[in-house]
Amino acid sequence: MEEATKLIALDHNHNASRKQAKVQSGEREGELRFRIAWSKVTKRYDAEPVLEKKESQLPQKWWEIPLSTRRV
1 MEEATKLIAL DHNHNASRKQ AKVQSGEREG ELRFRIAWSK VTKRYDAEPV LEKKESQLPQ
61 KWWEIPLSTR RV
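Quick note: my numbering has the sequence shown finishing at residue 72, numbered continuously throughout.
Honestly, the hints are just simulated from the structure, not real lab data.
Warning: the hint list may mix true and false statements.
Dumping the calculated SDA-like pairs for lysine to any residue here, alpha-carbon to alpha-carbon at most 25 Å [what the hints assert, rightly or not]:
1) Lys22 <-> Leu7
2) Lys19 <-> Leu7
3) Lys22 <-> Lys53
4) Lys6 <-> Ala16
5) Lys22 <-> Asp11
6) Lys54 <-> Glu29
7) Lys6 <-> Leu51
8) Lys19 <-> Val50
9) Lys53 <-> Thr5
10) Lys53 <-> Gln20
11) Lys43 <-> Lys19
12) Lys19 <-> Arg35
13) Lys22 <-> Glu52
14) Lys53 <-> Asn13
15) Lys54 <-> Glu2
16) Lys53 <-> Ile8
17) Lys53 <-> Glu29
18) Lys53 <-> Leu32
19) Lys53 <-> Arg35
20) Lys19 <-> Lys53
21) Lys43 <-> Lys53
22) Lys19 <-> Glu2
23) Lys19 <-> Arg33
24) Lys53 <-> Asp11
25) Lys54 <-> Gln20
26) Lys19 <-> Ala47
27) Lys6 <-> Lys53
28) Lys6 <-> Arg18
29) Lys19 <-> Ser56
30) Lys40 <-> Ser56
31) Lys19 <-> Ile8
32) Lys54 <-> Val41
Computed from a predicted structure; not experimentally measured.
Modelling step: build the complete structure from the supplied sequences, incorporating the hints.
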């Protein structure tokens with residue numbers, strides 16, 4: 001279990017500083033992307049930045065790697 005926690009922490013740290021995504025096509029191409037979200041607490045809409053897609057450095061099924069071969 002400790003190995004899984006370390007792998008998840010490494011993956012999170014690698015993707016923690018992602019840049020804000022940009023519109024890929026259309027009239028607004030190149031502009032920064034935002035998501036509109038309703039806040040139940042403040043009872044108003046907020047614009048939240050959309051980040052670029054996450055890059056996973058880990059194998060897709062890392063939990064299937066035998067414990068003896070994992071190195072973290």
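- Determine which of the earlier numbered hints do not hold for this structure and return their numbers in increasing order. 1, 11, 21, 22, 30, 32
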